[in-house]
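S.K.: Residue-level listing of the chains:
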Amino acid sequence: MAKLRVATTSLAGCFGCHMSLLDIDERLFELLKHIEFDRTPLTDIKHCGPCDIGLIEGGICNAENVEVLREFRRNCKILVAVGACAVTGGLPAQRNHLDLGACLTEVYLTEPGLAHGGIPNDPELPLPLDKVHPLHEVVKVDYFLPGCPPPADAFWQFLTDLVAGRTPELGHGLIKYD
Amino acid sequence: MTELATNLRRVAIDPLSRVEGHGKVTLLLDENNHVTQARLHIVEFRGFEKFVQGRPYWEIPVMVQRLCGICPVSHHLAACKAMDQVVGVDHLTPTAEKLRRLMHYGQILQSHALHFFHLSSPDLLFGFGSDVAKRNIVGIATEYPEIARQGVLLRKYGQEVIRHTAGKRIHGTGAVPGGVNKNLNQAERDALLADIYQIIAWCRDAVAMARRLFEQDPELYNDFGRFEANTLNLIRADGAMDLYHGGLRARDRDGKTLFDHENYDHYWDHIYEDVKSWSYMKFPFLRQIGPEDGWYRVGPLTRVTQCDFIPTPLADVERRAFMAYDSGRAAGATLGTHWARMIEMLHSAEAIKELLHDSDLLGDDLVMHGEHRERGVGVLEAPRGTLIHHYRVDENDLVVRANLIVSTTHNNQAMNEAIRAVARQYLDGRELTEGLLNHIEVAIRAFDPCLSCATHALGKMPLTLNLIDAEGREIDRLARDGSGECSAGECC
Ligand code: SF4
Chain A
2 MAKLRVATTS LAGCFGCHMS LLDIDERLFE LLKHIEFDRT PLTDIKHCGP CDIGLIEGGI
62 CNAENVEVLR EFRRNCKILV AVGACAVTGG LPAQRNHLDL GACLTEVYLT EPGLAHGGIP
122 NDPELPLPLD KVHPLHEVVK VDYFLPGCPP PADAFWQFLT DLVAGRTPEL GHGLIKYD
Chain B
-13 MTELATNLRR VAIDPLSRVE GHGKVTLLLD ENNHVTQARL HIVEFRGFEK FVQGRPYWEI
47 PVMVQRLCGI CPVSHHLAAC KAMDQVVGVD HLTPTAEKLR RLMHYGQILQ SHALHFFHLS
107 SPDLLFGFGS DVAKRNIVGI ATEYPEIARQ GVLLRKYGQE VIRHTAGKRI HGTGAVPGGV
167 NKNLNQAERD ALLADIYQII AWCRDAVAMA RRLFEQDPEL YNDFGRFEAN TLNLIRADGA
227 MDLYHGGLRA RDRDGKTLFD HENYDHYWDH IYEDVKSWSY MKFPFLRQIG PEDGWYRVGP
287 LTRVTQCDFI PTPLADVERR AFMAYDSGRA AGATLGTHWA RMIEMLHSAE AIKELLHDSD
347 LLGDDLVMHG EHRERGVGVL EAPRGTLIHH YRVDENDLVV RANLIVSTTH NNQAMNEAIR
407 AVARQYLDGR ELTEGLLNHI EVAIRAFDPC LSCATHALGK MPLTLNLIDA EGREIDRLAR
467 DGSGECSAGE CC
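Line by line, the protein sequences give chains A and B. Just add 1 to the spot in the first sequence (first one is 1) and you have our numbering. In terms of our numbering, the second sequence has 103 at position 117, counting the first letter as 1, and numbering is strictly consecutive.
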């Protein structure tokens, strides 16, 4: 049987969801018999190619996130919002009730202990969005894996269901809202 | 704005991979292809310092973990140490202090294992310019299955230590201001004890593997991205390595002590931060030396070389071997960081073993109380280096100000220096290839940068190389495409 091709990325996330995926521990080697990785933080593939499954952690906080998300949507048959940040914006969305300009001013200009302040504005830096958005506000999302992060067993259940051709279903204890 | 002098061309590496976070590198080359400038950009801004304001102080240790899912325990504990001061507690109960230490050593163990095995071993075992398709943990699992298995199980053990002390592996809640909220029960302790000797044995193997890398190719490993730096770390009162608590020790490039055993409560007497237009990551420096030359390096290499001894026997033997190796050359090498990291992993495993034999872990005296104070500073040595959390809390228990200086931020200029050294060594006057680009990333990876932490703002890091001609036009561009292959072209 052909292996399922899986891409993963972190947008405005903390990598905790990726760590939770790795928390399947030695079952990773079992999983690798059935899937292969495209772009992920574990490989040096820099752009997502055609894939069966795309797992995305983190919400959208800048223009670059939007581009990466669209690239994933174009290439992945099944797109999954992984973790609270991707599903709702998560903790980074706490800044949504603040003014982005005021935020930047405080961190880079008025903070004590700064030698010379100045808000970073180089063209190399992607423009921040004034709000942090969940993925489904920008692209169609096929599945949501809740939790901060979703437990390792939720990843395992989800992926093994897909590998076996079943509709994924998270049983009791695998759906978290922390 | 970029001060793109007209006779320079720009090279960008975007995005960085096999690092934790999102960022890119740009280089400026003169007409003879000499690198005149190398920059690591952190492209995300999250604003944590701002949005924790107005939250009650007891929420902070749980919130700040979401800065980083790789070292959440470091942020959890640094914030708790700061909040201990806010609730007026200077000394924890022995049970609380030891449980926090256990959690912390579990964290160092899992993070160092992840970095060495999952992220860096493909460069080290296959070669920096090796086939991009197999240069990852899956390639390692295929060709070196036993090494991959040990890496996965070492990480698993560290994560289990965290789960038993913090309640869950990622973003747990074990520490609270003034103490901890649970002890270890006998069953949990026995479960961890059952495996610790195997873990220590594997850690020793990992140190030996790091040493073998130096033995196999001394020239490469000694000189790759080498630079001299000022250094900073925490140190125990007797000069021992202590990753959880201590005073600040700093040395200059010549090894002269700048300050020692300094109370971190007033870290700003020694450390200032600079801002540059081209990165969301700030640039800390030692005030004594000044903004130009005052940048410094933190992390495993600094800690292992700058402590007087490591207080666990096996790791201390390895520290001495490392310091003596090749007349001390490895101890100053950028890639020596991998070796130092494995020595620390061994130390963590030994420290875990000692703690597991301490019956205080099973005690019931968990939390202390005191008089509310206005300010709290918490500092510890996270896997990647010194981590500073600083809060001001008003009389209604709400946070009014927060400043975080994370490990990767301390290393900001040091990483920039390493990139510059590698660019000079390997890029000057050459045609750009994917393998060459990876050399730059190998230098960055040595620091195990957590670009996720370093934003405490809201962004991430990718690697692209653009060539811009003397007039500032892009003449060439090199990026890794979806298949991992390099593509040139796309001239504008
Ligand atoms: S959901 Fe939680 S674990 Fe996942 S990226 Fe967001 S903060 Fe990190």
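Treat the hints as calculated values from the structure; they're not laboratory data. From the three backbone atoms N, C-alpha and C, an ideal C-beta is built for every residue, glycine too. Any given hint might turn out to be false.
As the list claims (entries may be wrong) - When the alpha-carbon atoms are kept at most 27 angstroms apart in a straight line, the in silico DSSO-like pairs for lysine-lysine are as follows:
| id | chain 1 | residue 1 | chain 2 | residue 2 |
| --- | --- | --- | --- | --- |
| 1 | A | 141 | A | 177 |
| 2 | B | 154 | B | 120 |
| 3 | B | 154 | A | 177 |
| 4 | A | 132 | B | 262 |
| 5 | B | 142 | A | 34 |
| 6 | B | 168 | B | 142 |
| 7 | A | 177 | B | 120 |
| 8 | B | 339 | B | 154 |
| 9 | A | 78 | A | 4 |
| 10 | A | 132 | A | 34 |
| 11 | A | 177 | B | 142 |
| 12 | A | 132 | A | 177 |
| 13 | A | 4 | B | 339 |
| 14 | A | 34 | A | 78 |
| 15 | B | 154 | B | 168 |
| 16 | A | 34 | B | 120 |
| 17 | B | 339 | B | 168 |
| 18 | B | 154 | B | 142 |
| 19 | A | 78 | A | 177 |
| 20 | A | 34 | A | 4 |
| 21 | B | 339 | B | 142 |
| 22 | A | 132 | A | 4 |
| 23 | A | 78 | B | 120 |
| 24 | A | 4 | B | 168 |
What the hints assert, rightly or not - Just a few of them, taken from the derived set where beta-carbon distance is under 10 angstroms, the chain A residues facing chain B:
| id | residue |
| --- | --- |
| 25 | 5 |
| 26 | 23 |
| 27 | 67 |
| 28 | 74 |
| 29 | 85 |
| 30 | 115 |
| 31 | 135 |
| 32 | 142 |
| 33 | 145 |
| 34 | 162 |
| 35 | 168 |
| 36 | 170 |
| 37 | 171 |
| 38 | 172 |
| 39 | 173 |
S.K.: Return the status of the interface hint for residue 23/A: holds when the least beta-carbon distance to chain B is below 10 angstroms, violated otherwise.
M.R.: Constraint on residue 23/A satisfied, holds at 7 angstroms.
S.K.: Run the distance test for residue 154/B versus residue 177/A: straight-line Cα separation, threshold 27 angstroms.
M.R.: holds (12 angstroms)
S.K.: Taking 10 angstroms as the limit, does the beta-carbon of residue 74/A come near enough to a beta-carbon in chain B?
M.R.: Hint on residue 74/A: violated, closest Cβ of chain B at ~14 angstroms, above 10 angstroms.
S.K.: Is the straight-line distance between the alpha-carbon of residue 132/A and that of residue 34/A 27 angstroms or less?
M.R.: violated (40 angstroms)
S.K.: Does residue 78/A lie within 27 angstroms of residue 34/A when you go C-alpha to C-alpha?
M.R.: holds (20 angstroms)
S.K.: Does residue 115/A pass the interface hint, meaning its C-beta sits closer than 10 angstroms to a C-beta of chain B?
M.R.: Status holds, d = 6 angstroms.
S.K.: Grab the minimum C-beta distance from residue 67/A to chain B and call the hint holds if it beats 10 angstroms, violated otherwise.
M.R.: violated (12 angstroms)
S.K.: Would the stated hint for residue 168/A survive a check requiring a Cβ distance to chain B of less than 10 angstroms?
M.R.: Constraint on residue 168/A not satisfied, violated at 27 angstroms.
S.K.: Please verify whether residue 132/A and residue 262/B have alpha carbons no more than 27 angstroms apart.
M.R.: Given pair residue 132/A, residue 262/B holds - Cα atoms ~24 angstroms apart, limit 27 angstroms.
S.K.: Min Cβ distance, residue 142/A to chain B: is it shorter than 10 angstroms?
M.R.: This hint is violated: residue 142/A lies away from chain B, its Cβ roughly 20 angstroms from the closest one there, beyond 10 angstroms.
S.K.: Is the hinted pair residue 177/A and residue 120/B satisfied, with a Cα-Cα distance of at most 27 angstroms?
M.R.: violated (35 angstroms)
S.K.: With a cut-off of 10 angstroms, does the beta carbon of residue 171/A approach a beta carbon of chain B closely enough for the hint to hold?
M.R.: violated (17 angstroms)
Violated hints, listed in ascending order, are 2, 7, 10, 13, 22, 24, 25, 27, 28, 31, 32, 33, 34, 35, 36, 37, 38 and 39; each of the other numbered hints is respected by the structure.
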